[in-house]
Amino acid sequence: MPITYYIVLSIVLFCIGVVGVLTRRNAIIIFMCVELMLNAVNLLLVAFSKMHNGVAMAKDPASTVGIDGQLFVFFIMVVAAAEVCVGLSIIVMVYRNTHSVDVNFLNRLKN
1 MPITYYIVLS
11 IVLFCIGVVG
21 VLTRRNAIII
31 FMCVELMLNA
41 VNLLLVAFSK
51 MHNGVAMAKD
61 PASTVGIDGQ
71 LFVFFIMVVA
81 AAEVCVGLSI
91 IVMVYRNTHS
101 VDVNFLNRLK
111 N
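The opening position of the sequence shown corresponds to residue 1 in the working numbering, with each subsequent residue numbered one higher.
What the hints contain is simulated information worked out from the structure, not anything from laboratory work. Any given hint might turn out to be false.
Said to hold, decoys possible - So the derived label-pair ranges between C-beta atoms look like this:
id, residue 1, residue 2, range
1, Met77, Phe105, 41 to 49 Å
2, Val8, His99, 39 to 47 Å
3, Asp60, Asp102, 54 to 62 Å
4, Asn97, Leu22, 33 to 41 Å
5, His99, Gln70, 52 to 60 Å
6, Ser89, Pro2, 39 to 47 Å
7, Met1, Phe105, 41 to 49 Å
Glycine included, each C-beta is placed from N, C-alpha and C at the ideal position.
Could you put together the complete structure from these sequences and hints?
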């Protein structure tokens, strides 16, 4: 498949995530949209890494060039997993205290 398909798909996913973050008021939906944006970036990194690796393998079959993007994706996924743990625990604690996950309501909690 051409790289343009991957680029278009990741742009669409990223734009859906941005629109979701900017328009939604539920903290859980906003959190899922941020994760969608991270996955769009991961898709693009893997696609470019695979393309770059294919070009390097054509020149030298023993080459390991082009694996860097896949390593970045691995580390991004590790950080995203930690973000999910911390973010969901914060959302659960806020819900327990306020019985709401509305972001506008949470803005009014300042003392």
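Structure-based check of each hint:
no.: 1; hint: Met77 to Phe105: 41 to 49 Å; in the structure: violated (32 Å)
no.: 2; hint: Val8 to His99: 39 to 47 Å; in the structure: holds (42 Å)
no.: 3; hint: Asp60 to Asp102: 54 to 62 Å; in the structure: holds (56 Å)
no.: 4; hint: Asn97 to Leu22: 33 to 41 Å; in the structure: violated (26 Å)
no.: 5; hint: His99 to Gln70: 52 to 60 Å; in the structure: violated (43 Å)
no.: 6; hint: Ser89 to Pro2: 39 to 47 Å; in the structure: holds (42 Å)
no.: 7; hint: Met1 to Phe105: 41 to 49 Å; in the structure: holds (45 Å)
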